[in-house]
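K.L.:
Listed below, chain by chain, are the residues.
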Amino acid sequence: SAVISQKPSRDICQRGTSLTIQCQVDSQVTMMFWYRQQPGQSLTLIATANQGSEATYESGFVIDKFPISRPNLTFSTLTVSNMSPEDSSIYLCSVWTGGSGEKLFFGSGTQLSVL
Amino acid sequence: AQTVTQSQPEMSVQEAETVTLSCTYDTSESDYYLFWYKQPPSRQMILVIRQEAYKQQNATENRFSVNFQKAAKSFSLKISDSQLGDAAMYFCAWGRGTYKYIFGTGTRLKVLA
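Residue numbers (the numbering used here), protein chains in the order written: chain C, 1 to 115; chain W, 1001 to 1113.
Derived by calculation from the structure, the hints in this document are not laboratory data. Incorrect hints may appear among the rest.
[As the list claims (entries may be wrong)] Think about it this way: if two alpha-carbon atoms lie no more than 30 Å apart in a straight line, the pair counts; the simulated BS3-like pairs of lysine-lysine are: (1) Lys-1110/W / Lys-103/C; (2) Lys-1070/W / Lys-7/C; (3) Lys-1070/W / Lys-65/C; (4) Lys-1110/W / Lys-7/C.
Isolated chain W (complex conformation):
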């Protein structure tokens, strides 16, 4: 069975600085997708970034990028130039061809002014 682990319950970053959130997963599948979702206090789950496992190139979305290490089963999220609006819970998730995504327990990110 697939598992997703986020070992950092909480992280802090100064505004304009860079922060990296960690995620590891376990799967026997070779083809799958990995996601980072953001959940601000509004409760809305917002897709931040998506990585296809068969692609070696790391996904990038503006200030958000990932470091995908397939052999190590690691999928970290880097947020550059952190902004106050980045403060939220961040969930790492694994999915493959079905709707049954596996979510990690989340990392709460605080952005300090």
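Next up, chain C with everything else stripped away, as it sits in the complex:
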């Protein structure tokens, strides 16, 4: 299993500003991801945070809006840039452990409200 620490747990931000969310894992992992959960909806994968290279974004998400860093195998950040009220969501960091016991583990999430 993996223990994932995510911060901040919640924030209220002004339109046009940026917020950086941090994700720390208690062990080295290859695959780290960022999900968005809009109010009342399911989870949507934003991107895969690749160590030592640029993140891989899913359709509908771009680097200018959601820049991601992955400086090592235990840490990643997601920045939500130039925020608008539509960015109000829960953002979740996750890691995937593959192989026969594959599963996704999640951080505690960041509740973001944009005014």
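Use these hints to put chain W onto chain C, whose structure you have.
P.N.:
Chain W only, in chain C's frame:
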């Protein structure tokens, strides 16, 4: 493409009673995994139970068990002896060998004292 459907937006159960949450999925794959995740108000997504499609035996974790019907592409979650702490959103998910899990839209479970 894979899809996961949870047709019950909300369910209620009396404390100590049993409740079943439904999930259906569609896939052309023969080997895959199915999951139930719980999301309490704390927002943390917690893995409740995991089923490997090649196993006929239904997975069980304490008070949580599944009814996996591969031919019918059905994967329901049964919670026995419901407790107040079981109140949460429950998400069904499909995965296979990659990180791109497909999540359902969730079922909100209310536990009545």
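K.L.:
If a hint holds in the structure, say so; if it does not, say that too.
P.N.:
Each hint, compared with the structure:
With a C-alpha separation of about 26 Å, the suggested pairing of Lys-1110/W with Lys-103/C holds against the 30 Å cut-off. With a C-alpha separation of about 39 Å, the suggested pairing of Lys-1070/W with Lys-7/C is violated against the 30 Å cut-off. For the hint pairing Lys-1070/W with Lys-65/C, the CA-to-CA distance comes to about 41 Å; that exceeds 30 Å, so the pair is violated. Proposed proximity of Lys-1110/W and Lys-7/C is supported: the alpha carbons are some 28 Å apart, at most 30 Å.
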